[in-house]
Amino acid sequence: MLGSGIIKGLLETARNFFGSFRQPERLVTIEYPEQQRTVPENNRSFPFLVFDRNDPVKGLRCVSCKICEKECPPQCIYIETEKDSRGKPIKHPKVFDIDISVCMSCQICVEVCPFDSIKMDQTYELSQFSRYDALILHKIDLAKSNEYYHQIKPTEAGLVDEQLAAEREAQIAKAKAAAAIKVAPATASPTPKPPSPAPPAKTEVPA
Amino acid sequence: MILLYSSPEALLIQLKSWTVSLAPAAWQPVLSSAISALVILLLFAGIFALTTLVERKGLGRIQNRPGPNRVGPCGLFQPIADGVKSLIKEDIVPAAADRAVHFLAPLVVLAPAALALALIPLGPGLAAVDMDAGLLCFFAVGTASELGAFMAGWASHNKYTILGAMRAIAQMISFELPLVLSTLTVVMLSGTLSLSSIAQQQGSYWFGLPAWNVFTPWGLAGFIIFLIAATAESNRSPFDLPEGESELIGGFMTEYSGFKYAVFFMGEYFGMFAISGLTITLFLGGWNAPFSFLVWIPSFIWFLIKLGLMLAWFIWVRGTLPRVRVDQLMNFCWKMLLPLSLLNILAAIFWHFTASWQFPGAWGLRWAIGFGMIALPFIGISQSGARQKKWGPRIYRYAD
Amino acid sequence: MSAVFIFLAGLLLASSLAAVMFRRLVYTALSLAVAFASLAALYLHLGAEFAGFAQVMVYVGAVAILIVFALLLTRNAGSDPEHPGHGGSWITGAAIAVLVFGCLAFNIVTSSACARPMPNPPSITTRQIGESLMTRYVLPLEVLGLLLTAAALGAATLALEDKRKS
Amino acid sequence: MSGTPLVYYLLLAALLFSIGLGAALTRRNAILVLIGIELMLNAANLNFIAFWRYSPNPEALSGFMFVLFSIAVAAAEAAVGLALIVSIYRHRRTTRLEGMSSLKG
Chain A
128 MLGSGIIKGL LETARNFFGS FRQPERLVTI EYPEQQRTVP ENNRSFPFLV
178 FDRNDPVKGL RCVSCKICEK ECPPQCIYIE TEKDSRGKPI KHPKVFDIDI
228 SVCMSCQICV EVCPFDSIKM DQTYELSQFS RYDALILHKI DLAKSNEYYH
278 QIKPTEAGLV DEQLAAEREA QIAKAKAAAA IKVAPATASP TPKPPSPAPP
328 AKTEVPA
Chain B
156 MILLYSSPEA LLIQLKSWTV SLAPAAWQPV LSSAISALVI LLLFAGIFAL
206 TTLVERKGLG RIQNRPGPNR VGPCGLFQPI ADGVKSLIKE DIVPAAADRA
256 VHFLAPLVVL APAALALALI PLGPGLAAVD MDAGLLCFFA VGTASELGAF
306 MAGWASHNKY TILGAMRAIA QMISFELPLV LSTLTVVMLS GTLSLSSIAQ
356 QQGSYWFGLP AWNVFTPWGL AGFIIFLIAA TAESNRSPFD LPEGESELIG
406 GFMTEYSGFK YAVFFMGEYF GMFAISGLTI TLFLGGWNAP FSFLVWIPSF
456 IWFLIKLGLM LAWFIWVRGT LPRVRVDQLM NFCWKMLLPL SLLNILAAIF
506 WHFTASWQFP GAWGLRWAIG FGMIALPFIG ISQSGARQKK WGPRIYRYAD
Chain C
513 MSAVFIFLAG LLLASSLAAV MFRRLVYTAL SLAVAFASLA ALYLHLGAEF
563 AGFAQVMVYV GAVAILIVFA LLLTRNAGSD PEHPGHGGSW ITGAAIAVLV
613 FGCLAFNIVT SSACARPMPN PPSITTRQIG ESLMTRYVLP LEVLGLLLTA
663 AALGAATLAL EDKRKS
Chain D
9 MSGTPLVYYL LLAALLFSIG LGAALTRRNA ILVLIGIELM LNAANLNFIA
59 FWRYSPNPEA LSGFMFVLFS IAVAAAEAAV GLALIVSIYR HRRTTRLEGM
109 SSLKG
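Residue numbers (this note's numbering), protein chains in the order written: chain A, 128 to 334; chain B, 156 to 555; chain C, 513 to 678; chain D, 9 to 113.
For the record, the hints were derived by calculation from the structure and aren't laboratory data.
Be aware that one or more of the hints could be misleading.
Below, simulated DSS-like cross-link-like pairs (lysine-lysine); rule was C-alpha separation at most 25 Å, straight line [said to hold, decoys possible]:
(1) A/Lys135 - B/Lys212
(2) A/Lys197 - A/Lys271
(3) A/Lys193 - A/Lys215
(4) A/Lys271 - A/Lys210
(5) A/Lys185 - A/Lys197
(6) B/Lys490 - A/Lys135
Isolated chain A (complex conformation) (with noise of 0.2 Å):
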């Protein structure tokens, strides 16, 4: 009969307002300043910079590459390179800003970078008051413990983690193969070149 649809209605909105009083679990609402919803492991809002050690400054795995830099498409990173005092440059980043206005999020930067130093954060709460200046994240905004990612990012923290092992471990050992080898013929030859780092093994992020 007509109108008896209507009454189904109404009855069950009525089901859903009291439900919701006597239910909580009803209520899907998150009251987001005081609850904040966990983000997945690979949510990625903008990168920061890793350092080891408990050292923001000396610590950086960043060793001012720029391999980031011209990789990034929105060209949203700057970096200038650490002199001595003699002018030389050397594997340490002077000035690292990263504009996250510009920033697409697009993670580009870490999947090239050689060393590991760049991942990708999940910070989204980002407003500020100011356009320009406050948006602007520079060298000590940027650097984040190690600590920081494995909270952040556990599984893709200890993949990097092991594999900076090995290479570490292999490089030593290189070294130390190679020191045999020099030993041995006691030639003294000036010393070599710290061997360079192992090719970029890239880190995968778990998709």
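Keeping the supplied structure of chain A fixed, place chains B, C and D upon it in accordance with the hints.
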């Protein structure tokens, strides 16, 4: 001035006449009207603020959301925040708009609604304006809001607003017919157009049960028809086509912002209060208590409780039913409500002329026949409508 | 003359003049609604409550809205240039109107019937009106019902005609 | 209650009638002519109410009833008149009275 306590209503009336008597004699009529107007406006503005909050919270709960809960404890100060927001918002008038008419339209919507509120008796002797032709006056002032809708739609110089205004006018004029025809039964059987006498006549009790109009067959049918038509008349969901935001942005209110929009909003809610008050007065026994042992509660409290229930009903319906289409709306009005309200008049006449039946079971028989006079045609119309696929369940050609 | 009368008469005359003078047709309809409303207020002022409300309901609620609808349905015609200020017919029409007013005013002012004193306000209840509608005036009421039905059918037929053809 | 003499009401009604007459005679838009006619009808109604109020026996309700009937008739007249205008507009694309004179000899 000694306040003689006889009843809470008499106390209020004495308080007012005492206040008025303080003024010089020449100003007394003006002061008396001003006090009545102020009380009506303040009372219903307070109810308006509360209703907006309860509506948002209720709709939220219906959709399994908590609703507004940020401003103040449990979001109690939300209406204040809304008011401040609409006050400080920029008032935008379109460049092509007709400024004078654009300015006047919200007032033309609000003023008749407030006037209609003044006619509703909140208790015995507690109507701001108690006139002999009160019901006629109610419908007369109600017609002005159509003009307001048209002014808003035309003055904004926008195709959506004019479409919304046209829809609003067509809808209001169409639904005025079943609205008035269903009140006609009450007028016929109570023999008066005065709202306070209509409410007074429903004040008797029959074995402790109230003698409200809704407990008669014509009253029940009239109440349902009136309720549907009132929903359409006050542009509430599911008949909120004039502002159907999915197709018309905001209907005739599209080009309004800030305080003018708030005035429109207030006008709509005042209209809803007025028509709810009229429903209560005509069918739900006005200010009378539902049971004879509850008459010690003051009449205006009963009225406000009933008003709250009516508003809850409107919110519930809004949270449940989807908006109807224009052709469905018009078909429903002209092919369903109008014939039924005409038949309802016949049922009322039958009830009136069988009032002298005295044999045992007469009341039940009258009820059954009177109810059948409306229920059977209703079933007939709905069956034939379903056969013509006019009102059947919707067929989704692509979705299934 | 009471202040209320002066105010209402001024409003009525101004709005009805505006209704016939405005070039924009929608203004015409809106000021016509104001004129009807002020006329209804005059009826209320004269103690004819029922007639006043009927006036508001029928004229403001129905006739003004109808005129608005008609104006919008015949929208393109409304932009026709109209020059009431030129042409002989305008002067003739206005002259006739003034002449008619002169005749009426002369007769009204010199009439002895107008010197009537105002009686006490009559106590007409709605019930009395209804009863006399159903007794003394029942034939006109029935005829009126017939007329309204015929008018409703006629208007609907006129408006439907085009749709059936196309 | 108003102490306005009857003559002012009659003069007001006469003025209203003349305004309506002027509009009906001079305007060329059919809708405006209809508005003029409505104004004239209303002037007559005002006269009826005023005479009813000032009559020695207002309980007879004659003038009052006349106004009620006249309001109802005017509503019917407006509805049919406007329907005619709209349907002529559909054929002729005009609401000017000159455009509707094809039957004129």
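Quick rundown of the hints versus the structure:
no.: 1; hint: A/Lys135 - B/Lys212; verdict: holds (22 Å)
no.: 2; hint: A/Lys197 - A/Lys271; verdict: holds (23 Å)
no.: 3; hint: A/Lys193 - A/Lys215; verdict: holds (16 Å)
no.: 4; hint: A/Lys271 - A/Lys210; verdict: holds (23 Å)
no.: 5; hint: A/Lys185 - A/Lys197; verdict: holds (24 Å)
no.: 6; hint: B/Lys490 - A/Lys135; verdict: holds (24 Å)
Comparing the model with each earlier hint shows no violations; every hint is respected.
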